[in-house]
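Novice: Spelled out from the first residue to the last, the chains are:
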Amino acid sequence: MTALAMTALVSLAAWSLLALAMQRHQRDLIGRTFAAGQARRLRMAGAMLLAVSPGPTFWHWGVASGLPIWLATLSLAAVAAVMIIIVRARALQRASGDQQKGG
Amino acid sequence: MSGGSVRQALSSLHVWGGLVFGWLLMVIFVAGTISVFAGTVTEWMTGAPVKAERALTPEESLRALDHAIARMDQTGPIAPEFNFYLPIGYAGWKAKGGEWKEVYYDLATGKPRSDGPATGRTTAGGGHFVALHFSLHAGMAGILLVGFVTLMMLVALVSGVIIHKRIFKDFFTLRLGKGQRSWLDGHNVASVLTLPFQLMIAYTGLTIFFTVWMPASIWYHYGMPGGLEAELEGKSPFVSASQSENQPPGEPAGAAVPLAAVMPLAREAVSQSGLAVEQIVLTPDAAGKLRLWIIMHGDHDHATLLPAPETVFQGVGSPVRLRREDRTPGTATKTADVMYSLHAAHFGGAAAQWLWFLSGIAGCAMIATGLVLFTVKRKQRSGHEFGVATSRVYRVIEALNVATIAGTMLASAAYFWGNRLLPLTMANRANAEVICFLLVWALTLIHALLRPPRRAWPEQFGLAAILCLGLPLLNLATVGDWFGAYARRGEWGNFGLETVAFAIGLCFAFLAGRTGRMRA
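Going down the list, the protein sequences come from chains R and X.
The opening position of the first sequence corresponds to residue 6 in our numbering, with each subsequent residue numbered one higher.
The opening position of the second sequence corresponds to residue 14 in our numbering, with each subsequent residue numbered one higher.
Keep in mind the hints are simulated off the structure, nothing from the lab.
Predicted model, so just to flag it, every value in this text is computed and none were measured.
One or more hints might be untrue.
Within a straight-line C-alpha distance of at most 20 Å, the following computed SDA-like cross-link-like pairs (lysine to any residue) qualify [what the hints assert, rightly or not]:
(1) X:Lys191 with R:Arg29
(2) X:Lys178 with R:Arg29
(3) X:Lys392 with X:Arg405
(4) X:Lys107 with X:Asn96
(5) X:Lys182 with R:Ile89
Please model the complete structure; the sequences and the hints are all you need to start from.
Specialist: Below, the structure written as structure tokens:
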């Protein structure tokens with residue numbers, strides 16, 4: 006289960022970084038956009054994490070069983086990343102709405 | 014054909030194919046998702062504390078066999094044709110009149126259990142969902158239909174990828190509260206993010222029954238339908254023709270094996286292999302002589318997609334002696350085994366089972382959002398495809414959506430309730446549970462046809478929520494057990510089932526609330 010949790014966390018981090026490298030989700034997650042260079046670095050970091058994400062499952066289950074387990078974990082981590090984006094974007098929207106009301 | 018028109022044609026195929034086959038596919042996916050934990054479902058439905066069937070040690074297996082044989086001797090004159098399976102503790106034999114008798118044994122005490130394979134009530138258990146998943150309870154016709162629908166799912170997946178223009182740009186995009194746009198986003202997210210799983214599950218599902226879809230080679234070698242069955246008739250499934258042909262000269266294929274000889278031979282097999290006995294088959298060959306097989310499995314390595322290696326001992330000669338065969342499956346068998354393991358999550362332990370269960374839910378979401386998207390889109394921009402009957406056809410489509418999405422969930426929850434509420438002494442109780450599922454499902458369709466969709470959705474989801482949330486209470490009232498007690502006793506399967514049912518009940522309650530606020 007530790008191997009699975011590690012893969013899930015690394016995959017979630019990888020997807021989050023890749024989402025952060027996209028302008029639309031930068032606005033969703035932090036309320037502003039990054040410079041092109043920063044976005045490129047985020048994309049590279051995300052891709053690198055994605056590349057190492059199968060490590061724990063391959064180490065624990067071997068390549069044959071680890072591959073399908075990794076792919077399923079990767080998919081579900083991407084769904085989790087989408088959920089995080091939705092929740093975060095709503096929180097930012099609410100916060101900016103409150104600010105406007107307060108102002 | 015230009016790229017645009019290819020995309021247009023595939024779009025129509027995806028939309029209409031997805032709609033027509035999506036209804037059946039939804040049922041197949043819901044049943045398949047629950048089937049991942051079919052064993053757990055059966056365990057919960059037996060309704061009494063049962064210990065999980067664990068692999069026995071070689072000594073325990075011999076003790077269990079000894080108990081079973083001793084008990085059989087006490088039950089009176091029996092013909093020695095005999096089957097014995099561990100760790101479920103099953104013994105079956107042919108009585109003198111030719112009638113097949115069977116007993117389940119308590120492995121600890123060796124005493125027969127009067128109430129079937131597990132303590133508790135007679136139930137169709139998780140087997141109902143497995144059968145519904147691959148055959149819709151309709152035998153070979155159902156298997157063929159499920160296969161065709163699965164093939165159409167592959168078509169829908171591939172065409173969906175081609176028509177989705179912004180697959181990478183919209184990878185993480187799910188805009189809620191925007192009507193049709195939100196349904197499309199939801200459908201895309203559920204499909205694209207879990208695409209590897211959906212492709213794998215559809216493909217491996219097809220390969221499991223590949224001899225049904227592609228029987229030409231079997232028909233060529235054994236004759237038209239029935240040829241292979243005729244060839245196999247009278248032959249034991251435990252020995253191949255080539256193995257019989259390769260026997261050393263002078264060694265008879267089988268010898269008369271009396272029941273009394275089974276125990277010493279089983280002891281010898283255990284001491285030779287160091288493995289536990291799992292199956293004993295004592296059955297007549299074509300010449301009427303009783304032949305003996307003792308079947309054992311090595312440890313299953315979760316790192317491999319292949320099943321545990323099999324060791325078979327065959328009784329040969331007179332007096333009977335054992336011949337060991339360590340089975341090494343051929344490439345075709347290995348390929349089939351890998352496909353089946355992948356489909357049914359028979360590898361990777363609980364981690365793979367949970368991942369498959371969650372991915373199955375994502376698959377259900379993909380199909381459900383696709384079906385709903387169709388009606389949402391057509392409501393806004395009807396193509397008048399069916400002339401004056403268009404609105405009536407869309408009404409039926411919407412009713413079918415309600416019955417296959419909310420109705421299947423409701424019928425599944427009712428199936429669990431039926432298990433707890435049907436009288437324990439009822440004849441054909443397991444069948445009655447399945448009838449309960451089918452009846453409720455039929456009622457959901459009638460309800461969806463009679464009620465306007467904006468009422469039918471929340472009513473069916475609401476009832477499904479009540480049934481799921483009330484399941485732990487019903488269990489407490491009828492069996493006297495609840496998830497706290499399951500956790501205390503370490504019965505994690507039962508604990509997990511009730512917890513998941515409760516969580517799903519909360520989701521249904523949320524859906525009931527959301528669909529209740531829907532505009533007509």
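Novice: Does each hint hold? Answer for all of them.
Specialist: For each hint, the structure was consulted:
1. A threshold of 20 Å between alpha carbons decides the hint, and for Lys191 of chain X with Arg29 of chain R the separation of about 17 Å falls inside it, so the pair holds.
2. Distance hint between Lys178 of chain X and Arg29 of chain R is fulfilled; the C-alpha atoms sit about 17 Å from each other, no more than 20 Å.
3. A distance of roughly 12 Å separates the Cα atoms of Lys392 of chain X and Arg405 of chain X; the hinted pair therefore holds under the 20 Å criterion.
4. Between the alpha carbons of Lys107 of chain X and Asn96 of chain X the distance comes to roughly 9 Å, so the proposed pair stays at or under 20 Å and holds.
5. For the hint pairing Lys182 of chain X with Ile89 of chain R, the CA-to-CA distance comes to about 18 Å; that is within 20 Å, so the pair holds.
The structure fails none of the hints (numbered hints given earlier).
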